[in-house]
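Protein chains: 2
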Amino acid sequence: MVGPANPPVDRRLEGDLPVTSAERAAAGLDGSATLLVSGFGSVGYPKAVPLALADADRDLSLTVVSGGTVGDEIDTDLLESGAIERRYPYQGTEAARDAVNSGAVAYQDRHVGGLADEVAFDLIAEGDVAVVEAVAVGEDWLVPSTSVGQTPAFVESASELIVEVNRAQPLGLGRLHDIYRPSDPPAREPLPLTEPDDRVGDPFVTFDPEKLTAVVETDRRDSPYEFRDPTAEDWAIARHLGDFLTDEMERNRVLSERITLQFGVGNLGNALMSELSGIDIGDRTLGYFGEVIQDGLLDLIEEGRLACASATSLALSADGQERLFENLDRYASDVVLRPTDVSNSPALIDRFGVVGVNSALEVDVYGHANSTHINGSNVINGVGGSGDFNRNALVSVTALRSTARDGSVSRVVPMVSHVDHTEHEIDVIVTEHGVADLRGLSPRERADAIVERCADPSVRPTLRDYLKRAGDAGGHMPHDLDTVFDWR
Amino acid sequence: MVGPANPPVDRRLEGDLPVTSAERAAAGLDGSATLLVSGFGSVGYPKAVPLALADADRDLSLTVVSGGTVGDEIDTDLLESGAIERRYPYQGTEAARDAVNSGAVAYQDRHVGGLADEVAFDLIAEGDVAVVEAVAVGEDWLVPSTSVGQTPAFVESASELIVEVNRAQPLGLGRLHDIYRPSDPPAREPLPLTEPDDRVGDPFVTFDPEKLTAVVETDRRDSPYEFRDPTAEDWAIARHLGDFLTDEMERNRVLSERITLQFGVGNLGNALMSELSGIDIGDRTLGYFGEVIQDGLLDLIEEGRLACASATSLALSADGQERLFENLDRYASDVVLRPTDVSNSPALIDRFGVVGVNSALEVDVYGHANSTHINGSNVINGVGGSGDFNRNALVSVTALRSTARDGSVSRVVPMVSHVDHTEHEIDVIVTEHGVADLRGLSPRERADAIVERCADPSVRPTLRDYLKRAGDAGGHMPHDLDTVFDWR
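From first to last, the protein sequence lines are chains V and S. Numbering follows the working numbering, with no gaps: position 261 of the first sequence is 261. Numbering follows the working numbering, with no gaps: position 373 of the second sequence is 373.
Hints listed in this document are in silico derivations from the structure and should not be mistaken for laboratory results. Accuracy of the hints is not assured; some may be wrong.
[Stated by the list, open to error] Derived DEER-like restraints, expressed as beta-carbon distance ranges: (1) S183/V - S21/S: 48 to 58 angstroms; (2) W235/S - G407/V: 53 to 63 angstroms; (3) E139/V - E452/S: 41 to 51 angstroms; (4) S256/S - D140/V: 22 to 32 angstroms.
Predicted model, so just to flag it, every value in this text is computed and none were measured. Ideal placement from N, C-alpha and C gives every residue a C-beta, glycine not left out.
Given only the sequences and the hints, what does the whole structure look like? Please build it.
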């Protein structure tokens, strides 16, 4: 591995910059602009300009495209001011969810790995103004803060750029970044990484200096995730996953020397990572090539278990952020933050033989997964990067609790009411009850494995009845469409 | 482009080979073997050994893994003899469909682009014996015939190899082949192609000579597809697609110099390709990077419209085969046949900015597509490569007739009964009535576009009623699960 290059400066602002207030920067924006905002995993998003827009007494109809999840300044304050008309590709607040589900905000949920191209090629919206958070800025460069996300593509695509320099984010964050912009099709070069922690770019994003219309200073902290403590079910899922990984290392020759994991599992993540610190991996190198870095990964790095962690965002708790900020020297050699079109690249996920572990709201007996919609209608967040990993991983695992709402609702159902990941992609399902390895199984065999090993025992008789009734009528994947949703 | 290398020989058999009869080769097989058979697009599959197995008076329980579609010798004769217990990853005969839907044969339908890895790494089944058709064979090499399919991976993975040398297939077919085996993760090298028609491998497959247990000679022809003539609806779809492509060339900067298309559309294909010969592409280069080469592509090559065609199979009609066989010199400079993990590589589909056009059985008002299952239960063929292209294409188009069964069944429905391609992947839907460009639209907007532009006018009132009723209850993607399948 090449060591991290130094960020270009040791000061926050360098050169002749259009420094102004958030209010003045906001006032200069067209009321129906498309804003391309930094941020992923609830960190590294602009805060001051969105708040100034929310407070402005103007009639706004903005399109807001973010990297991934952003905080309340955008998806609560700005959104509740009525300023947002359209929103891509992911949202993660209660206010945004309500607005999207009521139809007040038009939302399209996209695979985040492909979003940079969709923006760069004007395929979903034409980007006008990039508004990005940085730890430092010069006349033609900026250093992103706690997430890289889609910032490089956004900055390149926008005709105008507003930078928020956030003094609450350590300047040293630039030491984590590896900014590489893929070239365009039809002569796109292969991404040049040969290892998950290769550095192939710069610690900063460059731009045409003519674009830079405003630099705003702020010291407002991210509003990062609040993770709950793992439950007994989380620990049980983690143990089953640990057992599965132990077996898989033995039988899958791609894993004979190196295991590269990805986790997109929210609250479950820290239990999984704690479990990982206990399993025997022999002489193998353990790496992480994913989308977000959670607190548990820091533990694994500390313990010397994890050789490297590559992601697009530091989706840490407030404690985790603090810990990383205070030990940047320690982490800079093992942690790399990349643009989302590199962290979630189908080619790289395949190249490194990633074992992906992602969650879902529900799975069905034939192995389809719903990550996004309750009752087929109400979206929670979005598909995020789960599809990038489920589709391209060497082994894709869906890990979820078998029930929701204190056990009253089964997450294993006859047919999911919305499909984000198909039967062609999900290899393994893990719940607190066990592991269903679906590889090579016909749909009827999959149903048996999922019901008997993963469903809550209390609902197994009902699921068996459904399968019996549907199966009597025949079919490769027997369904009784007249009653398939009566279950609810 | 580097010109095609010559095949290694001008004779069918070279060296000291274990030539034997199909019957003796078949008799040497274990009754519960996993057979990895060549063939894709209904051509290039072994014929004599499967027929000998079908005729043998033995109790067989074989697992048969093919590249893609194979002919009746395997999926009718051998299957109806009761010899096949498991089948991957695609089937295309009435006999196989019936056996799979009755549960008599256990079938798992996979994305064909990922199958080579799944076999090589023993992820779905452990391959025992590769049975492949060739136009020529030596002690440690073979030249595939009318399809390359998964043959290189199958030959590498199997512990035993049986080669059928087919004298009915021209020896010159080797001039079309470019055989490249991707290296394994976690140190997988990027595929080295920079243009759709680059040649980066050999015209032959090499193998460990110890594996070769039998060489069988045959002169049995492929049983290729029978294409019907385009209907008025097919022509209307083709015209709408032509209009869409004309517009897209102007607005999508990736297409400013080169357009690379893929078609996975069966009977519709020849109408689309005929339409293509009429549209104005300016100075652009037109290329094809797909899975199968259909007759219409030969016309485009003849006309000088198409610079190159890359695929894994010559899925031609009998007439098309004849035409290609008689003009191999002409076509060898413009047609390349590759392994399926190269033809359908996510990285390459992305790298070349492919515009993919695939069909479906039905689509729903929110833009999900069902390519495989009738009423959610009965599989027709399989997902094939449609998912590889829909997911990774620059623009993914689903083209289908708005109705089935002489207009009595709408192919635009409230909710598809099986999802193979999600709302996150389908960019554009085209029927004989028009084009719905879904990019950037919220689900409610997508529903409006699909119903008003693509559904048959006779069913629009019913679909509007459904959307009104579901929409009144709210939701990002409003559904009324109590009545969503009443439509049928």
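For each hint, the structure was consulted:
1. Between S183/V and S21/S the CB atoms are about 55 angstroms apart, so this pair conforms to the stated range of 48 to 58 angstroms.
2. Between W235/S and G407/V the C-beta distance comes to about 57 angstroms, which sits within the given range of 53 to 63 angstroms.
3. Remark: the range hint 41 to 51 angstroms for E139/V to E452/S is upheld by a beta-carbon distance near 50 angstroms.
4. In this structure the supplied range 22 to 32 angstroms holds for S256/S paired with D140/V, their Cβ-Cβ distance being about 26 angstroms.
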